[in-house]
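Novice: Going line by line, the protein sequences match chains W, Z, U and C. Counted from 1, the first sequence has number 157 at position 157 by the working numbering; the numbering is strictly sequential. Counted from 1, the second sequence has number 230 at position 230 by the working numbering; the numbering is strictly sequential. Counted from 1, the third sequence has number 155 at position 155 by the working numbering; the numbering is strictly sequential. Counted from 1, the fourth sequence has number 99 at position 99 by the working numbering; the numbering is strictly sequential.
In short, the hints are calculated from the structure, not lab data. Careful, some of the hints might be misleading.
Note that identical chains are pooled: a pair holds if it fits in a single copy or bridges any two copies.
To be verified - When the alpha-carbon atoms are kept at most 25 Å apart in a straight line, the in silico SDA-like pairs for lysine to any residue are as follows: (1) Lys254 with Ser273; (2) Lys4 with Ala28; (3) Lys321 with Leu305; (4) Lys321 with Gln86; (5) Lys139 with Gly173; (6) Lys103 with Gly161; (7) Lys4 with Asn280; (8) Lys104 with Glu223; (9) Lys53 with Asp181; (10) Lys179 with Glu143.
4 protein chains.
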Amino acid sequence: MDLKTFLQRSNIHLDLAVEAHALLRGDADVEVDGVAMNQEDFSDGTITVITIKDAMAEKTMGRPIGTYITFELPELRDADLLREYQVTTTELAKKLKKVIDPKKDNTFLVVGLGNWHATPDALGPRVVEKTLVTRHLFKFIPEEVDGKMCNVAAITPGVLGLTGIETADMLRGLVEHVKPDCLIAIDALAAGSLSRIGTTIQIADTGINPGSGIGNHRRGLNEETLGCKVVAIGVPTVVNAAVIAHQTLEAILKEFESEPALAAIYSPDHEESLMGIVDNVLHPFRGSLMVTPKEVDELIEKSALIIAGALNICLHPDINKDNYESTLY
Amino acid sequence: MDLKTFLQRSNIHLDLAVEAHALLRGDADVEVDGVAMNQEDFSDGTITVITIKDAMAEKTMGRPIGTYITFELPELRDADLLREYQVTTTELAKKLKKVIDPKKDNTFLVVGLGNWHATPDALGPRVVEKTLVTRHLFKFIPEEVDGKMCNVAAITPGVLGLTGIETADMLRGLVEHVKPDCLIAIDALAAGSLSRIGTTIQIADTGINPGSGIGNHRRGLNEETLGCKVVAIGVPTVVNAAVIAHQTLEAILKEFESEPALAAIYSPDHEESLMGIVDNVLHPFRGSLMVTPKEVDELIEKSALIIAGALNICLHPDINKDNYESTLY
Amino acid sequence: MDLKTFLQRSNIHLDLAVEAHALLRGDADVEVDGVAMNQEDFSDGTITVITIKDAMAEKTMGRPIGTYITFELPELRDADLLREYQVTTTELAKKLKKVIDPKKDNTFLVVGLGNWHATPDALGPRVVEKTLVTRHLFKFIPEEVDGKMCNVAAITPGVLGLTGIETADMLRGLVEHVKPDCLIAIDALAAGSLSRIGTTIQIADTGINPGSGIGNHRRGLNEETLGCKVVAIGVPTVVNAAVIAHQTLEAILKEFESEPALAAIYSPDHEESLMGIVDNVLHPFRGSLMVTPKEVDELIEKSALIIAGALNICLHPDINKDNYESTLY
Amino acid sequence: MDLKTFLQRSNIHLDLAVEAHALLRGDADVEVDGVAMNQEDFSDGTITVITIKDAMAEKTMGRPIGTYITFELPELRDADLLREYQVTTTELAKKLKKVIDPKKDNTFLVVGLGNWHATPDALGPRVVEKTLVTRHLFKFIPEEVDGKMCNVAAITPGVLGLTGIETADMLRGLVEHVKPDCLIAIDALAAGSLSRIGTTIQIADTGINPGSGIGNHRRGLNEETLGCKVVAIGVPTVVNAAVIAHQTLEAILKEFESEPALAAIYSPDHEESLMGIVDNVLHPFRGSLMVTPKEVDELIEKSALIIAGALNICLHPDINKDNYESTLY
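Extracted from the complex, chain W is given alone in its bound form (with noise of 0.2 Å):
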């Protein structure tokens, strides 16, 4: 049973289109059709920009049509005294300019999803807290902020256990009231590989979706449940423990595969105990397991000023590179 299976039977969702493109083109790396992928390098890492095209890809690929950018940061785990992101930063805000297309008379409603009182879920609620808010000064105190600043509101709306509203349900009115030109939602991802928590940021031009992520307690958030454009930014903070106990089963197999009665086992005849298997480690509490590194509040951190600087540059025509910094105390 490879890893694709295996998710699709516990039904588990990879945030990151990377991941799951990866996941369609095998060890045998085959195209798959309907998606285009371009990669560059840059000093930091790699971008990596997969395009869903049409109706086919969408279902193969699980996730709709539209454009998914991921930043990979290979260096960004490991500890920093002093803490330089500025080139990731500044490109980030350019592929977020390239998405966003910020006019200087646009709206954009900032949402910074989860719960603050888990920390792997804590990234959202951080973001927003460093990103510049400018709604109440285009009425207060307009001649300071015209065509310097962007129109900026953020919420953080908290989980569904804390308020009892789905966000979505929250959103909705808001973006009525608002009118954003863009609703931006930031969210905490869970990824497929340990190597991803906190080294990997996905910009998504389709919102968040249904089936995804860390947490089962929202509904879909795009243009068609809230009516305009949403664009999603996420990090992934966790895997799901599921995920490591197949890692397990598949590293064993590749360590053993000489062995024929082994190789036999991961037969489709044998799907069900494996399936079985992995869900008794894992009771009581199956799905909601997730793996994580001690020092997450820490990457979270760091993910978290990244994303609001560039947020912070593409967004306000009078925020570039040489004074972002300033916005993030």
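Model the placement of chains Z, U and C on the given structure of chain W, informed by the hints.
Specialist: Chains Z, U and C only, in chain W's frame:
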């Protein structure tokens, strides 16, 4: 210049109806047309019900037709190792029941106004944190809540400076979606006397109305602006510094009233100078200066517990004076 | 390779004495020399007392001579609208009384270990927040506390990464000054099984000792290093991810034990390969990877309430099962 | 009754040496024996250095022999979208270097005094949060810090009401262990004038001494009590409400000084009455009443950034005006 004139000229609004009423009655304790007042004592203090009955009284009292219930709890301020507020909590629950009139199948939206980051303004968020939220349970485990709990959602909308969005605007869309039978807004208030801080709780069935309180950052939250019944619960946590300055002026007058020269100072001829004096003393902050005791965090915590406990008893059929404590941990 | 061997080779310490004991007894349930075990049931679960009696048992059990009391509370994990933990709290208070043996004029120092900023590690700070601190009252209002309360001080020393100071070093000077009759350290633990998370409380009269638990950032906190009796209270909030990987390996073996080729894999010859597999799966985080349920914040909150309630009952003469709830708000 | 007399009789201590000095000099601007004062202007404001040179001056000034450096930054209070405090930060770093005189192999302990839970008192904890802590790195990765960083530890000891332990007692043992060359204590101060709030930073090479400031909950933190050099850095965040009341009294006098009856009121004969007036106005809180602007959280945030930035530049050889910003995120 008496306090009434001073407050008018300084554009300072008293949040407590009992204070506005007392000002109008003056030392002579005259009746105010169109306003009824009833007082009852209970073991922990006094409950005063003020009813504004007509449009004329609305004008003189500076607040809408409706009922204003004030709990005065003189003992509450003093610290208590084993905090036992059961009597006040259950009395408050009783009055809330009369005002809110909850039915088993009702829906409520509890809104914690104010700013987490500024202690005297954090009452609303603290109450929301301790409110029993059940709205999502009616979807996921209806059999466990049906008939036992009411449908309660809760949010802390944040403040204009952090979100860029007026509270009324944020709530309007939410009310349309949640369709609460009643919205309950919790807010920190500004009093006209220091003795009110942390010893007074006010319930108003008229919601929150312009000109009120500690912040000028919100517009009215009431049936007219939100489209549903709004009950406001508030606790004074600050006194405007200008009031303290005025009280000092008044006290001198009283102390030295035998001095004709001094009495003359308070004649209308000098109003301008006196206003200027207070203004100069409070420069450069003026209207935003608040007087608050150092232990305000403890006072807020106590009030938040009483209000949340009373709300949980009031709203949920299965919560009563014997089991409400477990909802407050 | 069995779990015992795996843990040893992986340098993973089990924080729970009951787990270490069960491992040693194995499937055959053999007696462990020098270790006594007693179990009693009560309405909410089981209490197991393990006594390590001699130097030999100290070595086999990997922890000092002393008493380890474990509460197993299988129902605790499941959410509860009206949280009522009175029975468990009072039973825990009784056992703490036996271990701590508080006298009316005793002084205690409660220490909340762990990191506020990382949810699974925040148990200690949460308990301290709800502990009734009285030490200063003996100076300022002795008449109100004398005979009714014990003298209790409490701190959350923070973690090495934020302070730069080892916890033991921070506590040493404080113990010299406060001179507690007993220091009570609260800490989040790492378990060897997911079913332990949020359902188990361990009391150890031996303090906290090297090799233990979720963090490697502290040295031992015990009578030898601190100069006063140290009682540790802990709750498992995570399982080391390597344990999950190993359990998956084990489960395959069990499922397919009729396959001789598979059984061979677990022979000592392959230990190196199997260690390598787990290591590769958990790369690049290895030892720091923790598995924890998404709802860990709620589990911690429940455990913190029970522990703080039991501590307040145990330490203070005037606090008992009828009034302890008011200390937990 | 002038302010000096009033403060003495009211037992109110002015935390700022510049204010104490100005009071002594009076309107006539007389020299104070044994006190030297130097002022220099820079682009963001004025730096005043007051030196108390002998035991006599110590008595008149009400604070120990030593140097008190005050930054007056009139523009700091006003909000700024793109906060740029580089000039003030580097000037403050320069002055701190003179006072602290850091050597490459020195050890420092930064102590954030005050209460997280009460906004006007939270300056110390905020600065500590942004201070670059390196002490543990000298043990784990010495090659990365040696020569580039100083050895810095940092703690927020909490307040007496929450810990039960006096700050001085908590620090004493820690100083014995960490053996810092200098302890740097950060604290919120009480000013004698509202214009000081959020616009003034004071450095004192004498530590923190009894009678000072917003809290009475601590004893002196100085070389005598702690056994190491202590430098205090403080920012006024409140004014005692009694001072506001007195200033109102004074202002009336000034406004109507042509009235002989009024002038008479201020004669020593009436001191008792005037003290009583202020006392009555501030009843029931008296000494604990503080006046603070609503936006105090923002003022504290700005000051905390400047102080933490200056400390990081001052203490660490490799941090300078070009890269310190990245330490403040």
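Novice: Each hint needs a verdict: does it hold in this structure or not?
Specialist: Now the hints, each set against the structure:
1. Lys254 with Ser273: both (19 Å within a copy, 11 Å between copies)
2. Lys4 with Ala28: For Lys4 and Ala28, only the intra-copy Cα distance (14 Å) is at most 25 Å; the inter-copy one is 40 Å.
3. Lys321 with Leu305: both (13 Å within a copy, 20 Å between copies)
4. Lys321 with Gln86: So Lys321 and Gln86 pass the 25 Å test inside a copy (7 Å) and across (17 Å) alike.
5. Lys139 with Gly173: both (21 Å within a copy, 21 Å between copies)
6. Lys103 with Gly161: between (37 Å within a copy, 23 Å between copies)
7. Lys4 with Asn280: This pair counts as both: shortest intra-copy Cα distance 20 Å, inter-copy 20 Å.
8. Lys104 with Glu223: within (22 Å within a copy, 37 Å between copies)
9. Lys53 with Asp181: Cα proximity of Lys53 and Asp181: one copy only (24 Å, versus 47 Å across).
10. Lys179 with Glu143: Classified as within: same-chain Cα gap 22 Å, cross-chain 39 Å, threshold 25 Å.
Of the numbered hints given earlier, the model fails none.
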